[in-house]
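Undergrad: Here's the letter readout for the chains.
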Amino acid sequence: MHGVGGPAASRAMGSAALTRVLRRLALVAAPALLTIVAPVQLHGACAADQVQIAVVVDFGTGRSVSAACVGAGTRDSGAAVLAARASQLGTAPPRTNASGLVCAIDGYPSEGCGEQTGGHYAYWSYWHGDASGWTYSNVGPAGSRAQPGTVEGWRFQPAGAGNPSDPPPRGSPDAATTCRPAAPPATSVPTVRPASRPAARTGGTGGASTTAIPTSAAGGPTSTDVAPGTTAAAGSSTETAVAAGPLANGAPTPVAARRGTGGHGSSPWGLVGGVGLVGAVGGAGALVARRRARPSP
Amino acid sequence: MNPRSLHPLAWWLWALALGAAALRTTNPFLLGLLVAVAWLVVAARHPNAPWARSFGSFVRLGVAVMVVRLLLQVLFGLRLPGHVLFTLPSADLPHWAAGVTLGGPVTSEALVSAFSEGLQLAALLACVGAANSLASPYRLLRSMPAVLYELGVVVTIALSFAPQAALSAQRVRDARRLRGRPHRGLAGLRGLAVPVLETALERSLQLAASMDSRGYGRRAAVLDGRRRLTQAAGLIGALALTIGVYGVLDEAAPGGLGIPMLVVGLVSLVASLILTSARSTRTRYRPDPWRWPEWGTVVAGVAVLAVLVVAANVDGDALRPAYSPLTVPALPLLPIVGVLIAGLPALLTPRLPEDRL
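Protein sequences appear in the order of chains F and B.
Heads up, the first sequence is in this note's numbering, so the first residue is 4 and it goes up one at a time.
Heads up, the second sequence is in this note's numbering, so the first residue is 28 and it goes up one at a time.
Hints in this document: simulated from the structure, not taken from any laboratory.
Bear in mind the structure is a predicted one, so any value in this text is a computation, not a measurement.
Heads up, a few of these hints could be off.
[What the hints assert, rightly or not] Heads up, incomplete: computed chain F residues facing chain B, CB under 8 Å, no partners named:
no.: 1; residue: P112
no.: 2; residue: E114
no.: 3; residue: G285
[Claimed, not checked] Simulated coverage check for chain F against chain B, where a stretch passes if three residues somewhere in it have a Cβ under 8 Å from a Cβ of chain B:
no.: 4; region: 82-88
no.: 5; region: 98-111
no.: 6; region: 272-278
no.: 7; region: 286-294
[Said to hold, decoys possible] The following residues of chain F were derived to be distant from chain B, with all beta-carbon distances above 12 Å:
no.: 8; residue: A95
no.: 9; residue: D133
no.: 10; residue: S135
no.: 11; residue: G143
no.: 12; residue: G146
no.: 13; residue: S147
no.: 14; residue: G152
no.: 15; residue: P167
no.: 16; residue: D169
no.: 17; residue: P171
no.: 18; residue: S175
no.: 19; residue: A179
no.: 20; residue: R183
The beta carbon of each residue, even a glycine, is placed where N, CA and C say it ideally should be.
Just chain B, same shape as in the assembly:
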């Protein structure tokens, strides 16, 4: 295998499937394994770039979420009966705010439940962090459908605003410090605002000029009828997709709403995208290839999701263990094998060009 970086869309699909799988279970062993597998793949295949270090910050965010979840459980959470660890003073809320208790006995059952639910969120965050670490945002932008390219540029510029502003503020502060002007506190802030604003305006003018000179927003001439058709297809697609998602998620919805509407919506949206792409005259320079490692990565991600969905129907109690009464959650074989499959991209994807192992 020639060293190359994988298609960013493959990493995103893999990570999103992993995240969806994390939402299927509250078993802490499976969730921990999911995070460990994501970490393994990130460790093996993250490129040497500033954005590739985001996995760590996402994991730290996940830990913070877990701590908050535990605190909420201790302060206002469910009072699951069981082994009482300690008792907080409790307060009765008035009748119309019933249903929420403040304080009261904190049981180990309640804490373990909160821990596993927090771990689920942390695992989801870790999956998104893995995608951010593995897939280059610039390459992802490049491989977007032609219609979404302009939107993507706008989003990228908007996202880069905060770091750019911080950078220019730092620069202005350094300059003021070197000149012996106040650079701290309120006085420093006063001298900071105007130059930073000025830099931002200047930069945006420059950016607009450079985008204009590169033909941003240029469209090929399209017949009116065809334009209306694509717009209608896009609208119908979005509507059908919304109804379809509702039908799939709510099992009490009428039968015909779920999958059929989802399919109609997807087909309609894709048709609209293809039709609109004809309006764009942009060409692509050196497109990222989509070969079998990309397919393998996506299949590995989807396999985990599929295994967990099947396992939830076969033995749902193992995936959503009850902690009241308190027991050690099961180690279900099938889901564990499934989650381990998600680690295969660490071995099967091509090595990165910068690695010379």
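Isolated chain F, as found in the complex:
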């Protein structure tokens, strides 16, 4: 399955790439047929209204919980909302593998992707929250459409089963808790609870701390002039507290620095070296082929 919130993707990945491709072919062939018979709603490419999506990211037991109200387009996928959250908070963008499995949020964990030990997976579980509680998503974030009334929930499972029996995020599954409905400017002043500050977290309470991040200092969440990633100063005032969340023992790292060290060889020399190496060996092959094709004297 591509991009399912559980680690099924990474499990199939290493062993049976062919199976995966066949499965993917089946996955894309089925909807192609379905479009003929099913009532399909077509959308234009550019009609993307702004909505506010509540995103709860739980870094796991003993770590912090971050809740943010993210401005997103109505057609955005869960993965796009997660990326918009990172750029709004100024944290490292989510890292996903080639099959769409989310490997890291805010740079946590720094390495690995759905790593398996024994029968358990260290992975980011994906949930949808509404008034009735959290439900484990049976669809990957890249395939799900974010809804304003539904909370996008993420919880890191250090040793998860990879199925709905894993614990849900500790934040509120109610969208209204994170994204307050439109209210007079006086009540929409950003609130940062002390629990989310690094000093409080180092105490190791493990309790859920909530950071409410409005997308604009003055307007309510329904204002349409707010674009994701261009949040007002109020959002940035809380970003350090949230960014520090996953790093239990350290100060928050600036995004630029993290990008530089995170990906190995992100300099153009890596590209030049890699292409050059392949070209050199391939050229040697062409040389040998030409020498052998020459009629012998």
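Assemble the complex: chain F is given as a structure, and chain B must be docked to it using the hints.
TA: Same frame as chain F, now just chain B:
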């Protein structure tokens, strides 16, 4: 080193190990290097025979697979967030078909991911193509265990059916053209079918007669008990092998299932093969030797696989780079050296008899 052609089984083992190594990584540099190394070895050691040109067609097939993979990604693929290149009109599928999006924004991250996954398949195809180019299918058939010989003959004949049919169709068409009969379109097809069918039937009768006269299917007399024993060993071996493969591939399987079952299955199957071989009275004329160049070739292939398996445990992110956020994949030193080792057979194997360099 006297010029000779390498044992075909050595080339196949080398190529299959290379293909298994390709499945361990999606790093485009490593995959590209793998294809380049396979091309180098094929260029240096492919014999001058019609089947030796299959490497090129396999590479072309691989390129086609990559194009299809990219198209699928653009049309229905994952909508990885990132740098949007262009946006297709998107459609929401009904609830019960959720999980698949059609259209939507196409990002460079998604395209690069699809490219590297397509390249993995293309590299696998190139490895199989290399084996097809390097190893003579006829010699491979000859070096099969005696039990599988008859099966091998059947497979070879079946595989040669399509080219033979095309050849005889061409011949019939030429004959009709020379005689001024219609040879194109529906009218041409009508005159074509019967003669081609007739030729095929005639050829198969001739083939059956020639196989019969060469003693195909002749068996030595074997005691009933021993026959049952070999059959049971074969069945148990196949079963244990299946369970063992399941155990190895699925890490969540119970501990005792993996390697132990694999070993039991292999031993049982090999025993069954050896026991059954005693029934066959076929002898081998001038068997292909298995000397140190063969060992070296197999070791070079297995070394790549081993290096990539080790490297996946040491630094898995370099072998399976994530493209979201978009970065240039790493150039991991150890796997690169490992893949270069796979090119050694280009130098260390004996030259072919037809080459006079």
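Undergrad: Which numbered hints turn out to be false for this structure?
TA: 1, 8, 11, 12, 13
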